[in-house]
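K.L.:
Sequence order for the protein chains is A and B.
Heads up: the first sequence is residues 1083 to 1358, going by my numbering.
Heads up: the second sequence is residues 1083 to 1358, going by my numbering.
Don't take each hint at face value.
Intra- or inter-copy, both count: the list cannot distinguish identical chains.
Claimed, not checked - Straight-line C-alpha distance at most 30 Å; calculated DSS-like pairs for lysine-lysine: (1) Lys1084 <-> Lys1197; (2) Lys1300 <-> Lys1127; (3) Lys1276 <-> Lys1288; (4) Lys1317 <-> Lys1276; (5) Lys1127 <-> Lys1197; (6) Lys1103 <-> Lys1247; (7) Lys1221 <-> Lys1288; (8) Lys1127 <-> Lys1338; (9) Lys1338 <-> Lys1247; (10) Lys1084 <-> Lys1221; (11) Lys1221 <-> Lys1101; (12) Lys1102 <-> Lys1225; (13) Lys1102 <-> Lys1221; (14) Lys1338 <-> Lys1301; (15) Lys1300 <-> Lys1247; (16) Lys1344 <-> Lys1182; (17) Lys1344 <-> Lys1300; (18) Lys1301 <-> Lys1288; (19) Lys1317 <-> Lys1202; (20) Lys1180 <-> Lys1197; (21) Lys1202 <-> Lys1308; (22) Lys1180 <-> Lys1249.
Since the hints were derived computationally from the structure, they do not count as laboratory data.
Number of protein chains: 2
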Amino acid sequence: MKTVAYLGPQNTNTHFAAKKKFGAGYGYLHAPTVEEVFQLVEREKVDFGVVPIENSLEGAVTHTLDRFVDFRNSPVNIYGEIDLPIEHFLIMQRDTLKEKIRIIYSHPQALAQCKQWLDKNYSRATPRETLSTAEAVEKLLTKQSIWELNEQAAIGRRELAVQHKLKAIALPIDSDNRTRFLIMSLRSAKRGRKNKTSIMFALKDKPGALYDALTPFKKYGINLTKIESRPSRRKAWEYVFFIDLQGHRLDSSVAKAIAALKKGVTWLKVLGSYHV
Amino acid sequence: MKTVAYLGPQNTNTHFAAKKKFGAGYGYLHAPTVEEVFQLVEREKVDFGVVPIENSLEGAVTHTLDRFVDFRNSPVNIYGEIDLPIEHFLIMQRDTLKEKIRIIYSHPQALAQCKQWLDKNYSRATPRETLSTAEAVEKLLTKQSIWELNEQAAIGRRELAVQHKLKAIALPIDSDNRTRFLIMSLRSAKRGRKNKTSIMFALKDKPGALYDALTPFKKYGINLTKIESRPSRRKAWEYVFFIDLQGHRLDSSVAKAIAALKKGVTWLKVLGSYHV
């Protein structure tokens, strides 16, 4: 049986994304950090690793990008991607009355995304930040008086409520909230009909360096779908760039553009080509 | 007396940056969120607001960038910047012995930056994440037995230890750790000898859009010191770009480049020109 490691604990968005992609025929293993997901793949303990890379509202998952920056010689490559809609549920004890809720726990991002709706509908409740939505739901399970418990709620995926036998009410948060996940593997993906290639590189320290770096893509008619920068973590205010482009690294135009880019940068790594 | 609002509580890095820039002749006011710092400036409650924008290891402060994205018609502009070295101290009760420490509290970024050193020197201590370094230090002040208190430490600026009369030991973290802060104001900065201009814009949805956007800067010989992208928060996988460039918006080459760029993008805003 093939195995998939994901950023845990269970019932996180990453777990859900992994199950959506791989389904029932795989073994699943949760790891506490992005770093440990990468290590499980690198040490061949699992076949695939799933980590979040970007949310449509909150932007890049910097832990994941920085893992690429810090371990640029890692043999792991991007095998595929998963795009998952994010849903928020208001979770509480079964006998909690909505109008009694005084405290609402969740991850800062979830609280931020639900803020307008909470202000309108739960103006008397105080938001309290937790390190994950899983931790928010655990707050509802800690030993305290029923009276206190019934004044509390958490925001998270419905699966968290199901797991702990709690009540879940869908929040009508009308935002285009999606998260993109990467599948990491030691093996390379098969070339599909439509492909995407992810690269990272460091620019030379000279005026116009970014413009010059983008010139080969213009020349060979390659569309860039994403550009992101992260600190190099070697010198202050020095950056590593991440680019996603349409096409496979074996496509002749992509291969030519990358070869041309390579000449103009300090270093470059192809993180993977994968079917979209 | 002129007043400065900063992202609080007291003795945060932002407080320290504000005092470094403005000194003793100003009144200081702390605000709990980046949003509230902006509002205090917009409502003319203060003359200046100071917010973090970027750390050399952890990258952009997305709250601040997203405030620009979400309120693109705000009258506030960037008046200046402050670059502050970040120092980490291990903070504990005065009678705590280093070898007894079992729990170390701090903000996840501080824990991450100190991880290697902690693993080497405090391998028996468990790191515990808090929402700020100020909250980490407060953990050492909560009611509990002396026995428990003496097994705990926090990581933060030395000022936090001084404030609470705790002991502080410098951590020899050998990384180029700096944070850049922006000064926000309703007034514009005077043109200095060396200036920087910050702009933001949204690209048209067509191949090569970013390359075309950078072309005017190449043409007019303007050096870009920084490029960053953030989700538009209006549509999934649509971005707003932030660019810092060398020169003042009144310099003829900068004015021409921005005018040319404006024709090729959906919208563009000059966030400010300021002395560096």
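K.L.:
Hint by hint, say whether it matches the structure.
P.N.:
Tested hints:
| no. | hint | verdict |
| --- | --- | --- |
| 1 | Lys1084 <-> Lys1197 | neither (41 Å within a copy, 33 Å between copies) |
| 2 | Lys1300 <-> Lys1127 | neither (41 Å within a copy, 48 Å between copies) |
| 3 | Lys1276 <-> Lys1288 | between (35 Å within a copy, 18 Å between copies) |
| 4 | Lys1317 <-> Lys1276 | between (38 Å within a copy, 23 Å between copies) |
| 5 | Lys1127 <-> Lys1197 | between (41 Å within a copy, 25 Å between copies) |
| 6 | Lys1103 <-> Lys1247 | within (26 Å within a copy, 54 Å between copies) |
| 7 | Lys1221 <-> Lys1288 | neither (52 Å within a copy, 47 Å between copies) |
| 8 | Lys1127 <-> Lys1338 | neither (36 Å within a copy, 57 Å between copies) |
| 9 | Lys1338 <-> Lys1247 | neither (56 Å within a copy, 63 Å between copies) |
| 10 | Lys1084 <-> Lys1221 | neither (35 Å within a copy, 44 Å between copies) |
| 11 | Lys1221 <-> Lys1101 | within (26 Å within a copy, 39 Å between copies) |
| 12 | Lys1102 <-> Lys1225 | neither (34 Å within a copy, 46 Å between copies) |
| 13 | Lys1102 <-> Lys1221 | within (28 Å within a copy, 40 Å between copies) |
| 14 | Lys1338 <-> Lys1301 | both (10 Å within a copy, 25 Å between copies) |
| 15 | Lys1300 <-> Lys1247 | neither (55 Å within a copy, 60 Å between copies) |
| 16 | Lys1344 <-> Lys1182 | neither (61 Å within a copy, 52 Å between copies) |
| 17 | Lys1344 <-> Lys1300 | both (15 Å within a copy, 20 Å between copies) |
| 18 | Lys1301 <-> Lys1288 | both (21 Å within a copy, 15 Å between copies) |
| 19 | Lys1317 <-> Lys1202 | between (46 Å within a copy, 23 Å between copies) |
| 20 | Lys1180 <-> Lys1197 | within (17 Å within a copy, 42 Å between copies) |
| 21 | Lys1202 <-> Lys1308 | neither (35 Å within a copy, 39 Å between copies) |
| 22 | Lys1180 <-> Lys1249 | within (11 Å within a copy, 46 Å between copies) |
Taken one by one, the earlier hints fail for this structure at numbers 1, 2, 7, 8, 9, 10, 12, 15, 16, 21, listed in ascending order.
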